[in-house]
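> At the far end of the sequence shown sits residue 1711, using this note's numbering, and the numbering has no gaps.
Worth flagging that the hints you see were computed from the coordinates, not collected in a lab. Please read these numbers as outputs of a predicted model, since none were measured by experiment. There is no bait here: all hints are sound.
With a Cα cut of at most 25 angstroms, we get these calculated DSS-like pairs of lysine-lysine: (1) 1688 / 1600; (2) 1398 / 1415; (3) 1627 / 1609; (4) 1497 / 1515; (5) 1448 / 1497; (6) 1600 / 1627; (7) 1415 / 1448; (8) 1357 / 1398; (9) 1448 / 1515; (10) 1448 / 1398; (11) 1627 / 1688.
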Amino acid sequence: MAAPASRQVRRRARAAPRPRSAEDWWWDRLAPRGSGYHLLQSDSMLLVLSEPGPARPRAQRRASRRTPRQPPRGPSAAAKPKAGLRSEAAAAPAPAPAPTPTPEEGPDAGWGDRIPLEILVQIFGLLVAADGPMPFLGRAARVCRRWQEAASQPALWHTVTLSSPLVGRPAKGGVKAEKKLLASLEWLMPNRFSQLQRLTLIHWKSQLVGECCPRLTFLKLSGCHGVTADALVMLAKACCQLHSLDLQHSMVESTAVVSFLEEAGSRMRKLWLTYSSQTTAILGALLGSCCPQLQVLEVSTGINRNSIPLQLPVEALQKGCPQLQVLRLLNLMWLPKPPGRGVAPGPGFPSLEELCLASSTCNFVSNEVLGRLLHGSPNLRLLDLRGCARITPAGLQDLPCRELEQLHLGLYGTSDRLTLAKEGSPFLTQKWCHTLRELDLSGQGFSEKDLEQALAAFLSTPGGSHPALCSLNLRGTRVTPSTVSSVISGCPGLLYLNLESCRCLPRGLKRAYRGLEEVQWCLEQLLTSPSPS
1179 MAAPASRQVR RRARAAPRPR SAEDWWWDRL APRGSGYHLL QSDSMLLVLS EPGPARPRAQ
1239 RRASRRTPRQ PPRGPSAAAK PKAGLRSEAA AAPAPAPAPT PTPEEGPDAG WGDRIPLEIL
1299 VQIFGLLVAA DGPMPFLGRA ARVCRRWQEA ASQPALWHTV TLSSPLVGRP AKGGVKAEKK
1359 LLASLEWLMP NRFSQLQRLT LIHWKSQLVG ECCPRLTFLK LSGCHGVTAD ALVMLAKACC
1419 QLHSLDLQHS MVESTAVVSF LEEAGSRMRK LWLTYSSQTT AILGALLGSC CPQLQVLEVS
1479 TGINRNSIPL QLPVEALQKG CPQLQVLRLL NLMWLPKPPG RGVAPGPGFP SLEELCLASS
1539 TCNFVSNEVL GRLLHGSPNL RLLDLRGCAR ITPAGLQDLP CRELEQLHLG LYGTSDRLTL
1599 AKEGSPFLTQ KWCHTLRELD LSGQGFSEKD LEQALAAFLS TPGGSHPALC SLNLRGTRVT
1659 PSTVSSVISG CPGLLYLNLE SCRCLPRGLK RAYRGLEEVQ WCLEQLLTSP SPS
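Working from the sequences, and respecting the hints, build out all of it.
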């Protein structure tokens, strides 16, 4: 009888409940039963959410994950009772049946279904802002119904970028991928693109139906070829809210662009172009008041630089685009057309806030040309004249703008035979020291004393307030250590300082400093290092 007794003791020990783990204790502590909260656990986060439905206990979730074992089949699998236990088993009363657990109503939803729709849309919005809606939203819609509902929200389909699948693929594989993409677009355009506002097509050859994008406001064609006039005119008629067109780095016939502007020019606000032999015809349409509400105009060179200078009639552009706020002529070889004898000055650009004439080579921009452009622009905030070696501080002093915030006069890659001004930099800082946030004097030939007087203007701002200067580029200038120390001490908000190739500074400090800590470290080094002999 000793053996059966020991077996009963072992059975009782096995039936004893196991102690709770620390994980179960924390689980119940965070979301106790009856509190109205439940937990959602993923690989990298733990969410505590409140919902009316109770959450399953931790032990029940663990049990549902395990695969139930199938009972053994066949008569040989049944355990035969021992001879010594038959009388006890027969004499013992039958145990009461265990209460049957009530099944949960409906199948258990995963953690993705428990996240509120608003939170799921915000999460999707972060991913869409980083990588765009395609192909992520298409894949997310196949996870479950809740994800499909979140992926179909109109707010996530405002901006779409489509790239041709033929780029970087063999001919056979590219054609197959293109057919697959076009098949997807046949469903996306009527079901998702109705809320589309910004569309970018990269190396695109297929036509996109404009009737499916009634809310489209911005269209960018990058590296596109074969765009016809009929396609652009149809798009202008179907998209009544389209007001921005970017054609940079695309081969589009000038007749197609002119036809588009004639149809939608009255509502056009922004236009980006790449300079070519056909740009003159497009500018001719602008000079004829085709786009009276245009606010942004940018013309830049492409990969193949054009050596033919662009003649730009300044006064005619001011009359054709009186609402212009941003004018960029980037890296262009352009020549202002002479106004002619006895011709009154143009109306100017009264709303202009940004003028960018930056170029990597020598151009024909002079003080006289700059005066013709800006004589009626009192609200200018940004002036970029990098590479314009013919501009002098005296010409900038006569400008009517009083609230300039960014001034870029850096000279990059200019010829050493050019005669640079050695005096006049104080005219710039004394006029705009109270508003300048960014100043670029890289490569200028101002003397040490002239730079000292110019930068000293930031130390005595009107009203005793701190200067707004936060970026200063003095690369390749004759600035001295004492001048740099004074500027850093007087401008506590300085976050960028470029001192590369400054011949008057000690070795080890001729570099760019980014951030407040690096700028303050530069100040400490200048104060402790011996003065150069």
